[in-house]
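**Q** For reference, the chains in residue letters:
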Amino acid sequence: MLTFILLTFFFIFPPNDWFYKWNKKFKLDLIWTNKGGILILLGLLTFFLFGLTDENFKLIALKPDNVPIVGLIFLVAFFTWLSMKQATENDKRIDNNEKVNEYHDPDDKVLTWPDLVYIELIALVLCTVLLVVWSIALPAPLEQPANPTLSPNPSKAPWYFLGLQEMLVYFDPWIAGVLFPTLMLIGLMAIPYLDTNKEGVGYYSFKQRKMAVSFFMFGWLVLWVLLIVIGTFLRGPNWNFFGPFEYWDIHKLEPLTNINLSDYIYIIWFRSGLPENILLREIGGFILILGYFLILPPLFAKTMLKKLYQKLGNFRYSVFIILILFAMSLPIKMYLRWLFNLKYIIAIPEYFFNI
Amino acid sequence: MSNKQKEKKGGLLTWLGNSQVWKSIIRSGIPRERRGRMFSVLNSVFLHLHPVRMPRHAVKLKYTWCAGGLSFYIFCVLTITGILLMFYYRPTVEYAYTDIMDLGEQVPLGIMREIHRWAAHLMVITVWIHMFRVFMTGSYKPPREFNWMVGVILLVLTLLLSFTGYLLPWDQLAIWAITVGTNMARATPFLGHEGPGAALLSIGDINLVHAGSDIRFALLGGRFVGEAALLRFYVLHCIGFPFIIIIFMAIHFWRIRKDGGITTPV
Ligand code: HEM
Numbered sequence: 001m002l003t004f005i006l007l008t009f010f011f012i013f014p015p016n017d018w019f020y021k022w023n024k025k026f027k028l029d030l031i032w033t034n035k036g037g038i039l040i041l042l043g044l045l046t047f048f049l050f051g052l053t054d055e056n057f058k059l060i061a062l063k064p065d066n067v068p069i070v071g072l073i074f075l076v077a078f079f080t081w082l083s084m085k086q087a088t089e090n091d092k093r094i095d096n097n098e099k100v101n102e103y104h105d106p107d108d109k110v111l112t113w114p115d116l117v118y119i120e121l122i123a124l125v126l127c128t129v130l131l132v133v134w135s136i137a138l139p140a141p142l143e144q145p146a147n148p149t150l151s152p153n154p155s156k157a158p159w160y161f162l163g164l165q166e167m168l169v170y171f172d173p174w175i176a177g178v179l180f181p182t183l184m185l186i187g188l189m190a191i192p193y194l195d196t197n198k199e200g201v202g203y204y205s206f207k208q209r210k211m212a213v214s215f216f217m218f219g220w221l222v223l224w225v226l227l228i229v230i231g232t233f234l235r236g237p238n239w240n241f242f243g244p245f246e247y248w249d250i251h252k253l254e255p256l257t258n259i260n261l262s263d264y265i266y267i268i269w270f271r272s273g274l275p276e277n278i279l280l281r282e283i284g285g286f287i288l289i290l291g292y293f294l295i296l297p298p299l300f301a302k303t304m305l306k307k308l309y310q311k312l313g314n315f316r317y318s319v320f321i322i323l324i325l326f327a328m329s330l331p332i333k334m335y336l337r338w339l340f341n342l343k344y345i346i347a348i349p350e351y352f353f354n355i
Numbered sequence: 356m357s358n359k360q361k362e363k364k365g366g367l368l369t370w371l372g373n374s375q376v377w378k379s380i381i382r383s384g385i386p387r388e389r390r391g392r393m394f395s396v397l398n399s400v401f402l403h404l405h406p407v408r409m410p411r412h413a414v415k416l417k418y419t420w421c422a423g424g425l426s427f428y429i430f431c432v433l434t435i436t437g438i439l440l441m442f443y444y445r446p447t448v449e450y451a452y453t454d455i456m457d458l459g460e461q462v463p464l465g466i467m468r469e470i471h472r473w474a475a476h477l478m479v480i481t482v483w484i485h486m487f488r489v490f491m492t493g494s495y496k497p498p499r500e501f502n503w504m505v506g507v508i509l510l511v512l513t514l515l516l517s518f519t520g521y522l523l524p525w526d527q528l529a530i531w532a533i534t535v536g537t538n539m540a541r542a543t544p545f546l547g548h549e550g551p552g553a554a555l556l557s558i559g560d561i562n563l564v565h566a567g568s569d570i571r572f573a574l575l576g577g578r579f580v581g582e583a584a585l586l587r588f589y590v591l592h593c594i595g596f597p598f599i600i601i602i603f604m605a606i607h608f609w610r611i612r613k614d615g616g617i618t619t620p621v
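Chains as they are written, first to last, in our numbering: chain A, 1 to 355; chain B, 356 to 621.
It should be emphasised that the hints constitute simulated quantities derived from the structure, not laboratory data.
Remember, it's a predicted structure, so these values are computed and weren't measured experimentally.
Some hints could be false.
Once the Cα atoms are required to be at most 20 Å apart in a straight line, the calculated EDC-like pairs of lysine to aspartate or glutamate come out as [claimed, not checked]: (1) Lys198(A) x Asp614(B); (2) Lys417(B) x Glu120(A); (3) Lys415(B) x Glu89(A); (4) Lys109(A) x Asp614(B); (5) Lys417(B) x Glu89(A).
To give an idea of the interface, some chain B residues facing chain A are shown, with a C-beta separation under 10 Å as derived from the structure [said to hold, decoys possible]: (6) Trp473; (7) Trp525; (8) Arg541; (9) Ala605.
Here a beta-carbon is modelled for each residue, glycine too, at the ideal position from N, C-alpha and C.
Kindly produce the complete structure, drawing on both the sequences and the hints.
**A** And the structure:
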């Protein structure tokens with residue numbers, strides 16, 4: 001499933017001309033028309049309506065604190081569609097040398113009172129109605145009083161942190177819970193400084209800023225929203241993976257046969273024991289990690305990302321590529337885990353330093 | 356519209372709009388013509404956050420989705436309902452849970468807790484959606500880079516507000532969610548007692564960073580989520596973070612105007 005998403009993602013949100021060509025060839029931009037939108041909506045609706053007939057699914061989806069996430073799924077789908085629809089329309093206009101939809105003559109302004117205040121008022125009233133109806137219909141949850149000796153299974157963080165909790169499966173807490181969130185914030189804050197493209201301000205557009213939109217969408221839809229959805233709906237007792245309609249069986253056993261890279265190297269390939277010296281033991285992992293961060297950036301700069309490198313210059317490019325490499329390390333580690341049961345690339349539990 | 360025509364329309368509203376009381380509050384009377392409408396925005400504390408005139412597309416729902424505005428509105432709702440909740444709630448291990456129970460059972464028309472909780476969830480969502488629309492319209496590009504950064508800080512503060520509030524009901528859901536969340540702090544490099552590098556910070560045999568002195572301890576005021584943590588989260592939730600977020604919101608709104616208002620295509 002995830003493989004399918006990863007494979008199709010860059011065709012739907014093409015980061016460069018090559019993908020863009022295929023996107024057009026497969027006519028994937030039809031997703032962003034009214035018909036496409038209705039299809040997505042119907043698809044989601046049937047999934048949820050059909051799903052609600054299943055007891056296990058109903059239990060999770062209608063848990064009061066999960067209701068916002070069901071809402072989030074619909075809202076994210078809707079707004080992704082809405083922005084991409086406007087972007088596709090504008091792209092066409094730009095191709096035809098027309099002004100974008102948002103364009104009006106600079107002198108053609110409207111008065112804030114009443115034009116804006118009116119819309120704001122309606123939005124406020126609707127929002128208030130939504131909140132009141134929601135609050136009457138769905139009581140806020142209150143479980144048993146706190147009991148520090150009895151931990152529920154699964155224990156879940158609030159839903160907006162479930163993406164981080166999901167990463168804990170693949171990385172130690174110092175990476176999933178500390179390093180990655182920090183990098184995410186730094187990365188977000190760095191966006192305006194890394195994206196030197198001057199085009200696309202003040203209107204929805206895609207073609208003029210393919211790479212920026214594509215990468216942002218990847219981070220936002222896959223690494224952010226999807227992980228939260230997985231953490232909410234598909235993780236049950238002991239943080240085991242359960243299909244959407246599966247019963248959350250506490251006794252489900254998942255064999256823990258994950259092994260470290262050092263075990264692979266010394267025990268399986270060399271058929272000797274692990275060396276005493278920590279550095280020697282983990283040398284393979286160190287080489288891999290250093291190679292990943294030191295060799296790949298210049299390699300990309302010379303090949304695939306040559307144009308980007310020239311545009312951004314040394315410093316911007318380095319920051320950009322390091323952030324991207326960190327972001328990609330999550331799917332990479334996921335696949336290493338699924339394919340080879342790899343636990344840690346570098347494992348130094350003596351110093352809590354495991355990667 | 357001439358004065359004569361206006362008088363002809365007459366009626367209660369006009370009489371009210373011309374009365375001394377009304378005019379002392381809203382100087383421009385009932386904003387009917389262009390001038391009055393412009394002044395009604397300029398002279399109001401709340402409305403003057405807006406410019407008087409705006410580009411045609413910028414007022415459209417299709418463009419901004421009103422997500423930023425709604426985030427702010429929901430924040431106001433949260434402040435009001437939050438203050439009401441504070442009347443009933445005592446942040447101690449002894450009372451917290453029962454006070455929340457009473458809120459549902461004893462307080463007439465008690466949906467304040469519901470509104471507060473669902474609005475909190477909703478605010479997280481609207482802030483995300485707002486960030487998404489700002490990105491998709493390229494509104495973070497110069498000269499708005501700094502305001503984007505302020506926005507990211509607002510996002511973090513929103514999450515922290517929500518997170519600290521999650522503990523207050525003091526039920527199983529609350530303390531275990533906070534336990535899971537704060538457990539990660541244990542692993543902060545150098546600052547957490549199970550973080551890489553922490554073992555290096557020692558004098559002779561004495562570890563400087565241990566379970567009783569690391570960053571998680573500072574956060575919770577103890578080794579586990581208990582009385583001290585409840586008080587800390589309560590203070591942060593009701594005073595600390597709201598105070599900070601209001602300051603950043605002020606900067607955010609000020610900068611929107613200073614950076615030239617909602618982005619427009621050239
Ligand atoms: C508590 C959270 C926030 C509140 C209350 C808020 C409020 C607003 C409001 C009312 C606007 C006016 C336009 C609109 O409604 O879209 C705005 C614009 C803006 N916001 Fe936010 N915002 C918040 C969080 C954020 C975040 C998380 C970001 C980005 C990371 C951000 C970046 C911006 C930028 C760059 C603009 C200018 C957009 C333009 O000129 O078109 N804000 N904000």
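**Q** Against each hint, give a clear statement of whether it holds in the structure.
**A** Here is what the structure says about each hint:
1. Lys198(A) x Asp614(B): Answer holds: Lys198(A) to Asp614(B) is near 16 Å, not above 20 Å.
2. Lys417(B) x Glu120(A): Measuring from Cα to Cα gives roughly 13 Å; hence the hint holds.
3. Lys415(B) x Glu89(A): Holds: Lys415(B) and Glu89(A) sit about 17 Å apart, inside 20 Å.
4. Lys109(A) x Asp614(B): holds, 18 Å
5. Lys417(B) x Glu89(A): The hint holds at about 13 Å.
6. Trp473: Holds: closest Cβ of chain A sits about 5 Å from Trp473(B), inside 10 Å.
7. Trp525: holds, 5 Å
8. Arg541: holds, 7 Å
9. Ala605: Ala605(B) check fails; min Cβ-Cβ to chain A is 19 Å, beyond 10 Å.
This entry does not satisfy hint 9, going by the numbered hints stated previously; all others are met.
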